[in-house]
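As they're listed, the protein sequences go chains A and B. When we follow our numbering, the leftmost residue of the first sequence carries the number 7, and every step to the right adds one. When we follow our numbering, the leftmost residue of the second sequence carries the number 7, and every step to the right adds one.
Check the hints yourself; a few may be wrong.
A pair counts as met if it fits within one copy or between any two copies, since identical chains are not told apart.
[Said to hold, decoys possible] With a Cα cut of at most 27 Å, we get these calculated BS3-like pairs of lysine-lysine:
1) Lys418 to Lys348
2) Lys390 to Lys284
3) Lys118 to Lys348
4) Lys418 to Lys390
5) Lys48 to Lys418
Just so you know, these hints were derived from the structure itself, not from any lab. Here the structure is a predicted model, which is why all the values come from computation and not from measurement.
Number of protein chains: 2
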Amino acid sequence: MPSQDLNVGLMGLGVVGGGVAAVLQEQGDAISRKIGRRIQLKKVLVRDPRRPRSAQVPEGMITTNPEEILADPEIQAVVEVMGGTNPAARYLRAALAAGKHVVTANKEVMAKEGPELLALAQRHNVHLLFEASVGGGIPIIGCLTNQLLANEVRSVRGIINGTTNYILTRMAYQHASFPQALKEAQDRGYAEADPTNDVEGIDAAYKLSVLAYLAFQQRVPPENIYREGISRLEVQDFRYAQELGYAIKSLAIANAADGAVQARVYPALVPVDHMLAKVDGVYNAVEVEGSLCGRVLFHGMGAGREPTTSAVVGDLVEIARRMNGSGPPPLVAPREQAWAVKPIDDLYSRYYLRLNVSDQPGVLAQIAHILGDRQISIAAVVQKDTNPAEQTAELVITTHTAREASVQQAMKQVSDLGVVRQVSNLLRIEE
Amino acid sequence: MPSQDLNVGLMGLGVVGGGVAAVLQEQGDAISRKIGRRIQLKKVLVRDPRRPRSAQVPEGMITTNPEEILADPEIQAVVEVMGGTNPAARYLRAALAAGKHVVTANKEVMAKEGPELLALAQRHNVHLLFEASVGGGIPIIGCLTNQLLANEVRSVRGIINGTTNYILTRMAYQHASFPQALKEAQDRGYAEADPTNDVEGIDAAYKLSVLAYLAFQQRVPPENIYREGISRLEVQDFRYAQELGYAIKSLAIANAADGAVQARVYPALVPVDHMLAKVDGVYNAVEVEGSLCGRVLFHGMGAGREPTTSAVVGDLVEIARRMNGSGPPPLVAPREQAWAVKPIDDLYSRYYLRLNVSDQPGVLAQIAHILGDRQISIAAVVQKDTNPAEQTAELVITTHTAREASVQQAMKQVSDLGVVRQVSNLLRIEE
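Chain A with its partners taken away, still in its complex shape (with noise of 0.2 Å):
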């Protein structure tokens, strides 16, 4: 049973506030399940209430009085999906202000205001959490701010626009041009009509500010950050590049020594070794550097409806849990009911077969109807390595998806076979 239910007011029901909205009602019970306590969505403000959407709410749910939200005594967290700093910022104080938790996804208003913001919140004894406002499902911000804290942080780097890295990689890997693939970022709904923000690096800049805020307990305000865009870059950039050993990518970077914080937004060659290099589309990735862990490298999906809510939901379970009630929520609660776990009969794979045969006519005839007979389906074969003095060669099968039961058998069958020396190697693809 829930000891305390968290209730929330969303403002925004665009596409993130969509997102917050169907799961908070959808997954209720499975959250509420995991943590022990309920989080309930009260209110919704929105601008326009006739306006279609995909988020089902209740229309007794939605207002457009932000007041309905701020003044109900009854709400305990504000979730701001608004995006743009007005009206959002002034929501948010006056959220703080009314002793409220605030969970935001708005990166401008955090870079602008963050420090002061949060201040506030500390004045209030309340929570401010903003995981969705950098790099949508990956849980950096959290991690900086908690798990990560015994480091002394000495850079973050990462590719955190979405946006320039989808066209740097169709220039990169298609030869495209900066326009063409511009304008395909476009068509597919990845870059806006006016792609300002995101090309000329403002975008990251704001992200970067709040990274660096985490990292190093510093303010760098967004307009001290050092910015490049990536229109200047041709086709030939990436073959040279390309050529010396690099690939190009837009990093946001800031790092820290001797009392002094360097933050910079710009295209860049790094090493095709280095993971970074390796981030394509519209995947983000963040490394930080610390002076215990490392570097920590963090990738996923930098921006969407999911991995946003994700995010958003993720720090409202985090509110939740800190909430006192009658003690801490468990931190795993097991599921009442145990779920069967499954042999290794049952796995379902593709499968990298490598035999030893005798190298003579027939001999894949005869495995393939073995195969066949069990409805494992062959994707490829390759002879290999054929051995003239002992007459055998490696033969090197590849499988469409099959049951392992019925491959370990097959196998054992094969291996019976008079022109099979041996079955040297059976291990699995994992796609």
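Following the hints, position chain B against chain A.
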């Protein structure tokens, strides 16, 4: 001023214990500034007080009697970094039963008795945290139990044993045989004299059992996890896998569907463009697939004194923050002394320069002269894409580390040369 101290008893002063003792003593002030509370080392349990140790701990703190920690009412939290199941598990139970918070790095105990220990902690209203038991400095446990909690987790896949990953990396890139690579890992201290626990996947199965419990809230006993070691892999498997577009990695995988879990540890083929295929050497990585966050990957050092200490102290920070005091500690405690924010002119970086120049002798000499005058050392020069019609060529120059202001001034001067049509691009190289 700290509103309340957290007094800690440390059990074990080996590699990790030494790291924890050092950080709590040397960085006590920095941590206290960040969280508003002091984490105070009070007593340290050792087996042999005369053994020489790397960590300096005051004589009076050392004890060989566990009761001096377990029965001391002033000690609120016990850190167990002794390893092994006995007497560690007994001490953990005793500490929890005595109402003390517990932080442990003990994957074996957590895999075998984690659910019971967590229930015991819950009954006694204390925290049991174990970030250090899986993935070293990678904050995977905190993320599964907190930030990602809004997700229904579908799968956890990881490279969670650094020893085997080091061996497989040597086999893949240096074409070493398994015995050679194992010997090398032993020589470097990555593998033990008896490597069974690592190479047969026993260590990884313990860790996977811990991860699966957090991901699915469902116990998956380590003995129910299917295991295959890496000793049967041969050099040609890596070659064939590579030709087919795969890397071979020892993966620990648990996935859940329809009320059943499947968990296994084995070497598997992973597509080369998957992030897990790029995890090399002693690094670890864990990928969580959640219903909302999609695939989030965590990458970092999976073992070693500092990364493990980062995790242990991070758990202590978590406990200190959740203690009831005069209110929640600040999420970010800003530094009293403001740091300078350096301008881009002060950046030291390597550079990539692309110039469009006249295709004639002596051009490079003129450019090199200007760079040399400003102490900018050239790393590489490549002439690319000569255009005979326009009598131009592209010159790509990379530099060693230089100061941004010098490079910008030099490029201004270079662009004024009669033989230079334009400085087409200037990018930084981020190593």
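Tested hints:
Within a single copy, Lys418 and Lys348 get their C-alpha atoms as close as 22 Å, which meets the 27 Å cut-off; across copies the closest is 67 Å, which misses it. Taking identical chains as interchangeable, the C-alpha atoms of Lys390 and Lys284 lie at most 27 Å apart only when they sit on different chains, with a minimum of 26 Å there against 31 Å within one chain. Taking CA atoms no more than 27 Å apart as the test, Lys118 paired with Lys348 passes between copies only; the shortest distance there is 19 Å, against 52 Å inside one copy. Taking the shortest Cα distances, Lys418 and Lys390 sit within 27 Å of each other inside one copy (22 Å), while across copies they are farther apart (58 Å).
In the homo-oligomer, the alpha carbons of Lys48 and Lys418 never lie at most 27 Å apart, since the shortest distance is 61 Å inside one protomer and 61 Å across protomers.
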